[in-house]
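Enquirer: Work out the full structure, taking the sequences as your base and the hints as a guide.
Residue numbers (UniProt numbering), protein chains in the order written: chain A, 1 to 206; chain B, 1 to 206.
Treat the hints loosely; a few may be bogus.
Since the list gives no way to pick out one identical chain from another, each pair is judged satisfied if it fits inside one copy or across any two copies.
Simulated pairs of lysine-lysine, DSSO-like, Cα-Cα distance not exceeding 27 Å [to be verified]: (1) K168 to K40; (2) K60 to K40; (3) K61 to K40; (4) K81 to K40.
Since the hints were derived computationally from the structure, they do not count as laboratory data.
Number of protein chains: 2
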Amino acid sequence: MASLRLSPSLDALVDALAQLPGFGPRSAQRAAFHLLQDPKRLERLERALAGVRENVRRCKKCRVFCESELCPICSDETRDKSLLCVVESVADELALDASLAWPGLYFVLSGRLNPIDGIGPEEIGLTALVDRIEADVAAGILREVVVATSYTPEGDATAYYLIAAVKKRYPHLRITRLARGLPSGLEIEYTDLSTIAGAVYARRDA
Amino acid sequence: MASLRLSPSLDALVDALAQLPGFGPRSAQRAAFHLLQDPKRLERLERALAGVRENVRRCKKCRVFCESELCPICSDETRDKSLLCVVESVADELALDASLAWPGLYFVLSGRLNPIDGIGPEEIGLTALVDRIEADVAAGILREVVVATSYTPEGDATAYYLIAAVKKRYPHLRITRLARGLPSGLEIEYTDLSTIAGAVYARRDA
Numbered sequence: 001m002a003s004l005r006l007s008p009s010l011d012a013l014v015d016a017l018a019q020l021p022g023f024g025p026r027s028a029q030r031a032a033f034h035l036l037q038d039p040k041r042l043e044r045l046e047r048a049l050a051g052v053r054e055n056v057r058r059c060k061k062c063r064v065f066c067e068s069e070l071c072p073i074c075s076d077e078t079r080d081k082s083l084l085c086v087v088e089s090v091a092d093e094l095a096l097d098a099s100l101a102w103p104g105l106y107f108v109l110s111g112r113l114n115p116i117d118g119i120g121p122e123e124i125g126l127t128a129l130v131d132r133i134e135a136d137v138a139a140g141i142l143r144e145v146v147v148a149t150s151y152t153p154e155g156d157a158t159a160y161y162l163i164a165a166v167k168k169r170y171p172h173l174r175i176t177r178l179a180r181g182l183p184s185g186l187e188i189e190y191t192d193l194s195t196i197a198g199a200v201y202a203r204r205d206a
Numbered sequence: 001m002a003s004l005r006l007s008p009s010l011d012a013l014v015d016a017l018a019q020l021p022g023f024g025p026r027s028a029q030r031a032a033f034h035l036l037q038d039p040k041r042l043e044r045l046e047r048a049l050a051g052v053r054e055n056v057r058r059c060k061k062c063r064v065f066c067e068s069e070l071c072p073i074c075s076d077e078t079r080d081k082s083l084l085c086v087v088e089s090v091a092d093e094l095a096l097d098a099s100l101a102w103p104g105l106y107f108v109l110s111g112r113l114n115p116i117d118g119i120g121p122e123e124i125g126l127t128a129l130v131d132r133i134e135a136d137v138a139a140g141i142l143r144e145v146v147v148a149t150s151y152t153p154e155g156d157a158t159a160y161y162l163i164a165a166v167k168k169r170y171p172h173l174r175i176t177r178l179a180r181g182l183p184s185g186l187e188i189e190y191t192d193l194s195t196i197a198g199a200v201y202a203r204r205d206a
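Expert: Dropping the structure here:
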């Protein structure tokens, strides 16, 4: 990429932007020039970052990003506290909740199991999840845990591990995974074979 | 896009990131979550923005971004001061200079003429360019001005206007545009017709 080492500060900004998902060195340079073209843009992003650094924390119960001790979901009295959905990321929690299909609460893992990269059960927050389940079971409010990981190798491994760990401790607790099947709005012709196979195995009475 | 209004600060960051070229609301949310996952990432970008705000300014002569009064190009004594290349943006100056084909100096316009959006000669810095040329002509050091705008409607309009303005003031100054023709490494078969036509009209003796 064209760089004249015009300014170490500018290079540092390009490098920092290039770390963002979706950006490479070239688009990061374009974004940096865009920001430099108007001081207001630069200040707006700088203020937004400072605001996030100062105000955003993790919800004490579900670990989603929020600005108070409990997030709007965990403090919503109309939610069904007997249902707990375990997700891999904040983005997954937002997507599930936007589907309006889940009336219960959530728990956000820190990613998914990936032993090759040294991401084990502790790294994704298994202890915190077990503590949460234990407290809810002790309080007699938990009926079901949905392990909402994706049907990818890592998502499968994470689900199997969590399901085994929870079943061992609480054999009478209902524990489920999201259904596997055809996505809405996609022709079978254009659906990948692994998805079709999953939908065949999980076929249900009409 | 899935949003729970979890945090006004987080929303403000997503909105600010979504303004960057190459980002939309969805990728901006992904980038914001990526930054939030590690406080170090957030701080790094914040520090980089502050560094740019504090240190980066425009070169007094060519208006490229730099950290001192004159940029490394303008203060480079080995450059041919009789050749001035007028470009639309800092990115264009970097690209031209990375080609290693231009031994002279530069002048960066603030974009290109776009009367529909109210971008006239003043807005793109014509006065500053004329001042620059006047000073160089008075000092007897200027031989040629290349108007290096692209062969797009706005680039063409900008070039015609600048060429006319400079010719009127300095009829004896050589003023050129970059050659129009086939790009390197692209088969004629896959080249757009307007580019092929331009290359035919500008054909040269072999």
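Enquirer: With 27 Å as the alpha-carbon cut-off, assign the pair K60 and K40 to within, between, both or neither.
Expert: This pair counts as between: shortest inter-copy Cα distance 21 Å, intra-copy 35 Å.
Enquirer: Using 27 Å as the alpha carbon limit, work out where K81 and K40 are close: within a copy, between copies, both or neither.
Expert: Result: close neither inside a copy nor across copies, 45 Å intra and 35 Å inter.
Enquirer: At most 27 Å between alpha carbons: which applies to K168 and K40, within, between, both or neither?
Expert: Intra 56 Å, inter 37 Å, cutoff 27 Å: neither.
Enquirer: Pop the pair K61 and K40 into one bin, within, between, both or neither, using alpha-carbon distances up to 27 Å.
Expert: Only across copies: K61 and K40 sit 24 Å apart there, 37 Å inside one copy, limit 27 Å.
The earlier numbered hints that this structure contradicts are 1, 4.
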